[in-house]
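**Q** Okay, here's what each chain looks like letter by letter:
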Amino acid sequence: MDDLLNEFLTETAESIDVVDVELVKLEQDPNNKEVLDNIFRLVHTIKGTCGFLGLPRLESVAHSSENVLGKFRDGELEVSEHAVTVILESLDRIKEILAGLEATEEEPEGDDSELINRLDAIAEGAGAAPDPEPDTVEGEIVDPALGRTLKPGEVSLEELEAAFANAPGPEEMGTEEGEADAAPSSAAPSGGSLFDRIGGEDTIAVAAHLIAQRLESDGSLAKFFSNTIDQRKGQFMGLMLAIFKDDLDAADNVGRQLVSVAGFSEKNFDQLLEMIKVVLGECQVDGDICDEAVMSFELVREAVVNASKALTKAETKGAGGAQAGAQAQSGAREQKRVTQSIRVSVDLLEDLMNMVSELVLTRNQLLQITRNMENSELGVPLQRLSQCTTELQENVMKTRMQPIGNAWAKLPRIVRDLTVELDKKIDLEMLGAETELDRQVLELIKDPLTHMVRNSADHGIETPAERMAVGKPENGTIVLNAYHEGGHIIIEIKDDGRGISAGKLSSKILEKGLATQAELSDMSDAQIQKFIFHPGFSTAEKITSVSGRGVGMDVVRSNIEKIGGTIDMVSIEGKGSTFQIKIPLTLAIVAGLIVKAQEERYAIPQISVLELVRASQNSEHKIETIKDTPVLRLRNRLLPLVYLNEVLGFTTRKEIDDRENVDDFIVVTQVGAFTFGIVVDQVFDTEEIVVKPVAPILKELEIYSGNTILGDGSVIMILDPNGIATLANSGVGDHDREESEAEDLVRRAATSEKESMLVFRAGGANPKAVPLALVARLEEVDVETIEVSDGKHMVQYRGALMPLIMAHPEMKFREEGRQPVLVFTDREYTMGLAVDEILDIVEEELSIKLASDKPGVVGSAIISGKASEVIDVAYYLGLAFADWLKSRDLSDDAAPTAGAKVLLIDDSDFFRNMLRPVLTVSGYQVKAVSSAAAALALMEDGMMFDLIISDIEMPDMNGFEFAAEVKKDSKWSDTPLVALSSLATERDISRGHEAGFDDYIAKFDKETLLRSLAQQLKIKGDAA
Amino acid sequence: MSNLVVRDDLSLVSTGTQDFVTVRLAGQTLGIPVLGVHDVLNPQKITRIPLSPEWVSGVLNLRGKIVTAIDLRQRLGLPPLEEGKQSMSVVVEHNDEPYSLQIDTVGEVLSLDDQDFERNPVTLDPRWREVSRGIYRLKDELLPILDVDKLLGFESSGKAA
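Protein chains in written order, with the working numbering: chain W, 91 to 1114; chain E, 43 to 203.
Be careful, since some hints might not be right.
Cross-link-like lysine-lysine pairs, in silico, DSS-like; alpha carbons within 25 Å at most [to be verified]:
1. W:K782 with E:K181
2. W:K789 with E:K127
3. W:K594 with W:K956
4. W:K488 with W:K515
5. E:K192 with W:K686
6. W:K536 with W:K686
7. W:K515 with W:K652
8. E:K107 with W:K782
9. W:K672 with W:K536
10. W:K515 with W:K367
11. W:K115 with W:K584
12. E:K107 with W:K652
13. W:K665 with W:K956
14. W:K789 with E:K107
15. W:K115 with W:K782
16. W:K672 with W:K652
17. W:K956 with W:K782
18. W:K584 with W:K562
19. W:K789 with E:K192
20. W:K562 with W:K536
21. W:K562 with W:K652
22. W:K536 with W:K652
23. W:K991 with W:K882
24. E:K87 with W:K686
Partial pick of chain E residues on the chain W-facing surface, computed with a CB cut under 10 Å [as the list claims (entries may be wrong)]:
25. S94
26. P95
27. R171
28. R175
Simulated from the structure, these hints should not be mistaken for lab results.
All residues carry an ideal CB built from backbone N, CA and C; glycine is no exception.
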């Protein structure tokens, strides 16, 4: 491609990006003169250059938008959303044309008149004020030689425009004659301006055309004009217009750019003048006038020749050379030149980077070699070489670093367009835009980022009306935040929108058949939300032009994972979503952990390594197996393991299991939400490695992400934890399950409303469950040690007798071996519940579906997708200790009041955990807190309950004080208060009533409590 | 190969001579077009790549460049090299990617007359036919010419693997 065109494309694309951003700024702050000036200048330059290169479509679009901008600037037009939208549209059109230009080197066909008309209409809206631009003249000067229209803009640089502007006149009439007639009256009041005497623009256009053609065939001059005939014609046209109109600044400027090749001498200039003279003669310009015209070219002689000399001095510093004649330049332009920078092609930088990488490797090899040599005289120079290499590497890396803001530059515009299209109000906040990262990485995350911000704006942020309705500020906010963290860059995209609705997702998941109802009911909200990363998923109900085309977050995720990054999401329905992307700073050099398996070394990218654990027979950590699946207990979690030796096919599992004196290293690795351990023979150290792609014939091996050369010159393979995880899962176990387990842990930390349930089997096939919080310990009791006393089974346990109760009447103790026992403790009471088998611990939102009238069973709930009986521990405690629970007849148990909200205050975890299922099963919605203070805090928050149950004996504030506080104070004073206490003497009860309790019930008395609750609610209902 | 002509007996002929590097592999001599050969290396340290196709012997470091080594014996269905012997490398390029062909020893460079070139006999082992461009009739032996692009082409390599 033509160098000039190439440069133009790059420059214009950059300018347009800036204008995009600035326009959005302008819209928000219409009075910002500086922003407006900047926009105007950029658009003007684009237009000027287009004309210069002979790109009529581009130019006319740019021109019309410039017109509107001009009116903004002159205060003739208000900056309005509509106007900005249309200008933005015209920028898009320019981008389109540029894209076409880049592809074909020619302006694509197309009709812009509709757009231009709209722009003009806006400009017209300014009223009758005269148009300062001679735009109406455009397109009407016909070049006789070409037979196509020529426009003033075509020849113009911005200085040339100034020349026009300096020759104001009644140009709004806009006819060809009008222009020709108008000029003498303004630019030359005497009527004798050179411009007119030569014959106006017509003649000049013809002359320019001729000069351009002659130059082509002129042996001595042609070499100085590397551009095309059309461009040259534009230049000469501009030059002549400027000279003949006496606009010296413009002439100077055009003159300096006339010659693009070094070595243009005074003599060459004379030759050029000679040619111009001949041409003018041919154009029937009168001899005298012709001489005068040629003389006037002397004005630019210096500029032309100097510019060429400057080219000779420093080809690359064209700007510096141009300074010779640039005194008249505006301050802003001077400032621009001060920053000394040059354009370097990205390919060159890539090459440089590769070379430096090679250099680093070679340096490392040399160092390794000399390390083994004693007193080598190579030492000192090598040290120096090493230092230089390091610095070189750092600096080359720096050339590749770009602020992340570059990737964000388009976002304000996108968000702005969205706000208009979707009728939303969105503020975009961008933090840490200066954070730098490798441009290769930058390129790769640009699209995912844009996509995510779009998503946030489209799906996340609600309409102003919706926002107001839920009490949020009208304006939604999207915050982009980037920062460095330990060799990685973290990018957060946070919105305060509606969050991701697990419910909506679920129906979508079912609809798409991505999971079954049973699977879904097993999942937490967070797990369901993660489905948005599933291929072919899009949650928008309506497909907007913005998003919802089905290529969604899965593409984002795979793009990010492709560059070794990870993405995570936290979304709270109603509050908003936060996405967090973690990516390496650079792809070329990464930290790799060097490990060994079977005498061969491998690198594992440090980014995926969480920690290292050493496991041997005698150490704290030991590899255990569950039916051939190796696992490691790591901080109360089971970590699935894979043996690298097995994955790589070196050894079979049997060989691994048969080893003696095992001493393994476990690299705890994280891939997405899946954490697992890679068992290796040995771990060396961490090395900076230069990642090189593997040969194409090895691409299919997904366990390698590349290879590299180590300091000692040996080649090693870089393992891809992702690939290992996939490989391991296909062979060893169920990836999804493990993933969900990993997510369970995350969730456990994040939410507290779930119950951990211990699932076990006792008499009968159906699993039974009990809230884990109630279980003190799990024990295995040797059946030999079970004794019978007073008709009850007992074991000696921690120096006392512990009664053993069968969890199911049909159950029997094992004949031999050890009996699993759940130990429950409440104050001095300790009992064991014998079960057949302990199955699992799951975390679920406990919702009891069916109440039970069977003794010892609270009801049935779905746990892990299976109907499970939730046992009533209180019943078994009652069985074990006669004094623990008073028996009551259930005859007059009142009907539960469905859905009533009950607040339960008790400092004992045991009771809260026990009462909650009991109350839930009776149809109450239970909120349990552990202290009176917490309850009062809820009151402050404005939460309302139908009934409050409070313990009496509590630290800090006891039940009596709490009741007094509630009754004295407002909001809850009408709420029935029920005391629940183990202090159930006559005196306590009367004290309770005094304090304001409506009822006073002894603890452990489930039936009375339920009856009392129903009664209290009834009273309240009657009163209301 | 220039100006190939199909003769009456359907063997290919062209005028002029071609240069080939000869290599020895399990007693058989093979020719590799000399212009395609970048380097000839003495035995190198080769890093194995577990799980790779068996005809990939590993990767080696050639002046800072990582080169994939192809076990030519394996690829051509020949028995593996005897224990204790090390193979030499002939580095060629395929699709801008360097590959090292592991061979027993390197012979001389021969300038061969196109007259002596002949198509593969139809009875040739299919594995060989696939990667041999044709045969040169030398005075005391026959020299099959390796077609490097076919040897390293994905499609055919899939079958061999």
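**Q** Does each hint hold? Answer for all of them.
**A** A quick look at each hint next to the structure:
1. Between K782 of chain W and K181 of chain E the CA atoms are separated by roughly 46 Å; this puts the pair beyond 25 Å, and the hint is violated.
2. Taken as a hint, the K789 of chain W and K127 of chain E pair is broken in the structure, with Cα atoms around 30 Å apart against an allowance of 25 Å.
3. The straight-line distance between the Cα atoms of K594 of chain W and K956 of chain W is roughly 24 Å, inside the 25 Å bound, and the hint therefore holds.
4. Note on K488 of chain W and K515 of chain W: the hinted pairing is violated, with a Cα-Cα distance of about 38 Å set against a maximum of 25 Å.
5. Among the hinted pairs, K192 of chain E with K686 of chain W is inconsistent with the structure: their alpha-carbon atoms are about 35 Å apart, more than 25 Å.
6. Taking the CA atoms of K536 of chain W and K686 of chain W, the gap is about 37 Å. The hint is violated against a cut of 25 Å.
7. Restraint check: the Cα-Cα separation between K515 of chain W and K652 of chain W comes to about 34 Å, which exceeds 25 Å; the hinted pair is violated.
8. Pair hint K107 of chain E plus K782 of chain W holds up; C-alpha atoms about 9 Å apart against a cutoff of 25 Å.
9. With a C-alpha separation of about 14 Å, the suggested pairing of K672 of chain W with K536 of chain W holds against the 25 Å cut-off.
10. For the hint pairing K515 of chain W with K367 of chain W, the CA-to-CA distance comes to about 64 Å; that exceeds 25 Å, so the pair is violated.
11. As the CA atoms of K115 of chain W and K584 of chain W are separated by approximately 21 Å, the hinted pair is consistent with the 25 Å bound.
12. In summary, the hint linking K107 of chain E to K652 of chain W is supported, as the alpha carbons are separated by about 24 Å, within the 25 Å threshold.
13. With a C-alpha separation of about 33 Å, the suggested pairing of K665 of chain W with K956 of chain W is violated against the 25 Å cut-off.
14. Under the criterion of a C-alpha separation no larger than 25 Å, the hint pairing K789 of chain W with K107 of chain E is consistent with the structure, at around 17 Å.
15. A C-alpha spacing of about 43 Å is found between K115 of chain W and K782 of chain W, which places the hinted pair above 25 Å, so the restraint is violated.
16. A threshold of 25 Å between alpha carbons decides the hint, and for K672 of chain W with K652 of chain W the separation of about 12 Å falls inside it, so the pair holds.
17. About 50 Å separates the Cα atoms of K956 of chain W and K782 of chain W, which puts this hinted pair outside 25 Å; it is violated.
18. Between K584 of chain W and K562 of chain W the alpha-carbon distance is near 16 Å, which keeps this suggested pair within the 25 Å criterion.
19. A distance of roughly 18 Å separates the Cα atoms of K789 of chain W and K192 of chain E; the hinted pair therefore holds under the 25 Å criterion.
20. For the hint pairing K562 of chain W with K536 of chain W, the CA-to-CA distance comes to about 30 Å; that exceeds 25 Å, so the pair is violated.
21. At roughly 37 Å between alpha-carbon atoms, K562 of chain W and K652 of chain W are farther apart than 25 Å, so this suggested pair is violated.
22. About 14 Å separates the Cα atoms of K536 of chain W and K652 of chain W, which keeps this hinted pair within 25 Å; it holds.
23. Straight-line distance between C-alpha atoms of K991 of chain W and K882 of chain W comes to about 41 Å, which puts the hinted pair past the 25 Å bound.
24. About 17 Å separates the Cα atoms of K87 of chain E and K686 of chain W, which keeps this hinted pair within 25 Å; it holds.
25. A least Cβ separation of about 6 Å between S94 of chain E and chain W falls short of the 10 Å threshold, and the interface hint therefore holds.
26. Of the supplied interface hints, the one on P95 of chain E holds, with its beta-carbon coming within about 7 Å of a beta-carbon of chain W, less than 10 Å.
27. Given hint, R171 of chain E at the interface with chain W, is violated; its Cβ is 21 Å from that chain's nearest Cβ, farther than 10 Å.
28. Annotation: interface hint on R175 of chain E violated; nearest CB of chain W at approximately 21 Å, more than 10 Å.
Going down the numbered hints, you'll see the structure goes against 1, 2, 4, 5, 6, 7, 10, 13, 15, 17, 20, 21, 23, 27 and 28, while the others check out.
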